[in-house]
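Protein sequences appear in the order of chains A and B. Here this note's numbering is used: position 369 in the first sequence is 369, and no number is missing along the way. Here this note's numbering is used: position 189 in the second sequence is 189, and no number is missing along the way.
It is possible that part of the hints are untrue.
Below, in silico cross-link-like pairs of lysine-lysine (DSBU-like), each with a Cα-Cα straight-line distance of 30 Å or less [as the list claims (entries may be wrong)]:
id, chain 1, residue 1, chain 2, residue 2
1, B, K269, A, K269
2, A, K242, A, K263
3, A, K243, A, K263
4, A, K302, B, K346
5, A, K243, A, K269
6, B, K302, A, K269
7, A, K302, B, K242
In short, the hints are calculated from the structure, not lab data.
Protein chains: 2
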Amino acid sequence: MASEPGEPETALMIENNTKGLGPNVVAAVESEQASGGGAGEREARAVVLTGFGALSKLRVMKRSVPAPRRGEVLLCVKACGMNFLDLMVRQGNMENPPRTPIIPGFECSGLVEMLGEGVENFQVGAGVMAVMCYGAWAELACVPVENVFPLPPGMSFTDGAAFPVSFLTAYLLLFDIGRLREGMSVLVHSAGGGVGQAVAQLCATVPGVTLFGTASSSKHETIRGSVLHLIDRNADYVTEVKKISPEGVDIVLDCLCGEHTAKGLSLLKPMGTCILYGSSNMVTGETKSFFSFAKSWWQVEKVNPLRLYEENKCLAGFQLLPLLSRPDGARRVRDTMARLTHLYSKGVIRPRIDSVWALEEVKEAMQRIHDRGNVGKILLEPEKAPIPLMASDSTDTSEACDEEGEEDESECKEREPFIH
Amino acid sequence: MASEPGEPETALMIENNTKGLGPNVVAAVESEQASGGGAGEREARAVVLTGFGALSKLRVMKRSVPAPRRGEVLLCVKACGMNFLDLMVRQGNMENPPRTPIIPGFECSGLVEMLGEGVENFQVGAGVMAVMCYGAWAELACVPVENVFPLPPGMSFTDGAAFPVSFLTAYLLLFDIGRLREGMSVLVHSAGGGVGQAVAQLCATVPGVTLFGTASSSKHETIRGSVLHLIDRNADYVTEVKKISPEGVDIVLDCLCGEHTAKGLSLLKPMGTCILYGSSNMVTGETKSFFSFAKSWWQVEKVNPLRLYEENKCLAGFQLLPLLSRPDGARRVRDTMARLTHLYSKGVIRPRIDSVWALEEVKEAMQRIHDRGNVGKILLEPEKAPIPLMASDSTDTSEACDEEGEEDESECKEREPFIH
């Protein structure tokens with residue numbers, strides 16, 4: 001895939017400072033700079049984020065992939081999950097954004113292709129799923145073995161790629177932080193998203209749990225079976241919840257941030273917990289990135305700890321990925337994954353897939369998440385061929401849809417996704 | 001006990017607005033106004049807080065006690081626990097202070113004297129302990145039956161009065177909110193206090209838990225066996241903890257409030273929890289009450305929820321007493337008490353008693369808590385005779401010790417407490 005005209009070459013320059021990236025990403029990206037490529041290196045297609053900003057910063061390129069390092073596993077990727085966080089990464093809309101160019105993607109499934117030194121608990125050819133700090137959206141990916149998990153019997157690669165981030169997040173939110181127990185009530189925003197649907201399934205495993213969820217009205221029919229009390233995402237949900245449960249709820253799962261955190265706190269019963277696990281309200285347009293982030297930071301209402309004391313409440317923040325690089329965090333993730341695969345094996349939980357896309361369709365796929373069009377997970381499959389475009393489509397179908405009319409003005413092309 | 005000269009009579013006027021008080025307190029106090037007293041009413045000695053302010057607002061008086069109402073149990077009180085919160089009540093140093101006059105005290109032990117209508121699970125003469133919203137510091141007390149618990153076999157009245165508030169608080173802090181598990185680390189302030197010592201014993205029930213505690217140096221020798229890493233309460237404990245555990249701790253139990261909350265948050269590991277369960281730093285002098293409260297409110301550093309998100313941390317507030325008046329809260333308290341009495345019966349936990357005082361010594365007892373002189377619980381016993389005063393002592397031995405030299409200037413009389 002050729003670089004677009006007008007794209008500054010510097011966007012493709014590799015910076016030496018690769019702090020915060022997994023060794024796999026650094027190696028893969030650095031290897032492009034090397035003249036000949038080392039022994040055991042192979043070429044593989046990958047989605048590369050060349051700089052922060054609009055969808056045009058995403059390219060599919062061939063990259064050299066090094067052999068796995070000590071403690072790593074090289075995976076032949078069969079499917080990769082897309083999360084809302086990938087949009088925020090693309091925009092650089094986070095506190096410590098990684099250096100570009102980078103291969104995005106936090107989860108995948110595939111076959112073990114090669115073992116790094118010291119890896120003993122996997123065999124070449126085993127089917128696995130993995131969570132990782134970047135690097136998943138590629139044909140080949142190196143992952144630290146602590147973050148690789150065998151696919152439970154009967155789990156497809158599609159399910160395997162859709163499973164880790166959503167279910168780990170949902171489980172840790174509900175049980176580790178929220179202390180969900182029998183008879184409690186939960187409010188989840190974006191109930192139709194990957195985490196929202198995982199939350200719904202996990203809530204159903206506990207007797208007597210009442211689930212409230214906000215989602216676009218257009219999704220209500222599809223997800224009605226999973227959420228007892230569905231509320232339009234534009235409605236005054238505080239009033240709606242209180243109509244049904246005047247005392248409020250025990251757990252609020254807030255992926256929106258901003259004004260919603262104060263609303264969430266106000267909805268809590270005593271001993272309740274409000275957990276901020278995303279900040280999707282920071283993503284509005286395509287490219288506002290840091291300005292949008294800084295604005296949101298100041299707009300969030302600060303909380304007086306004494307209020308929590310007086311009201312017997314708990315306010316928490318949660319991000320899955322920072323846990324991966326800490327020994328105690330990785331252990332917690334492994335323990336949780338063991339519980340989740342057990343639930344999967346018993347048929348109790350199963351990821352909901354929205355749509356599956358080729359790597360080359362990454363922009364369309366990401367636009368779908370941006371527009372909150374998905375119900376369940378959006379996946380990329382390296383082996384999938386893109387759906388041929390209509391003659392009238394440009395080569396850059398996915399730009400923009402920036403409702404505030406910034407940089408990218410072209411219209412967003414609606415196209416029915418391939419449903420798996 | 002006669003009222004002191006200069007004490008405005010209005011302090012003893014009963015106000016009709018008794019919102020927020022338990023029915024027993026209201027009834028006991030109102031009954032004094034009635035001319036003859038109803039059928040079944042009895043006279044009993046009680047500590048009465050006649051208004052908010054200095055120790056002089058505490059009196060021992062005879063009060064009429066009504067028969068227990070529906071769902072209540074009348075207790076012949078054998079011992080009552082004193083908590084730091086009682087100081088804050090005396091000062092009116094809380095957001096919604098109760099109306100005075102009021103009988104203070106949140107816990108007691110004793111014998112069931114009479115059953116209100118509908119009470120079936122207790123028999124007259126049974127030994128019990130109870131938590132309650134005021135009213136414990138008296139010879140007789142009516143308590144809603146949900147908050148009364150049988151004394152486990154072998155538990156003395158002294159242990160029974162020292163048990164409920166400290167151990168319920170410690171258990172709910174550590175296990176319900178802090179999610180204590182194997183190998184975690186905990187920092188507790190006021191490690192020598194009633195809750196601090198209960199926290200130490202409960203931490204010891206979980207393998208591999210590391211306990212850090214701050215306490216006055218003078219207490220270190222006495223409590224060294226219960227707290228692995230003891231830190232002087234005036235030391236820079238953040239530095240001291242980080243010397244031993246550079247990554248910080250998993251749980252911070254903060255009963256101090258103010259600047260300590262921000263320090264506690266900074267000491268947390270990712271996925272850690274800082275719980276504010278008291279605000280003893282608000283109590284400095286004797287009578288500053290509301291001003292001190294308001295000042296502290298504004299001095300507490302407010303927390304940006306996004307910081308919790310970025311750092312994977314949890315900030316919680318906890319108060320035991322508001323749970324008692326809610327059905328789900330009372331259920332949680334009962335479940336927790338069942339676990340605690342089981343641990344007591346196995347000899348795993350046992351309240352640490354600092355000293356036992358007569359009702360008439362309530363001022364000296366409270367001064368001891370104010371001065372942070374106690375190790376473990378301070379108790380009052382209605383049947384205990386006060387230790388005779390020396391000829392040189394005034395009748396008002398306990399006034400003041402206000403380090404900021406306000407209203408009450410008399411010197412605090414040191415007296416060795418009777419150790420049970």
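How the hints compare with the structure:
1. B:K269 x A:K269: Given that 30 Å is the threshold and the Cα spacing comes to 27 Å, the pair holds.
2. A:K242 x A:K263: Satisfied, since the Cα-Cα distance of roughly 12 Å is no more than 30 Å.
3. A:K243 x A:K263: Answer holds: K243 (chain A) to K263 (chain A) is near 15 Å, not above 30 Å.
4. A:K302 x B:K346: Cα-Cα ~45 Å, so violated.
5. A:K243 x A:K269: Satisfied, since the Cα-Cα distance of roughly 15 Å is no more than 30 Å.
6. B:K302 x A:K269: OK: K302 (chain B) and K269 (chain A) at ~21 Å, within 30 Å.
7. A:K302 x B:K242: Distance ~27 Å between K302 (chain A) and K242 (chain B) Cα, so the pair holds.
Consistency with the previously given hints fails for number 4 only.
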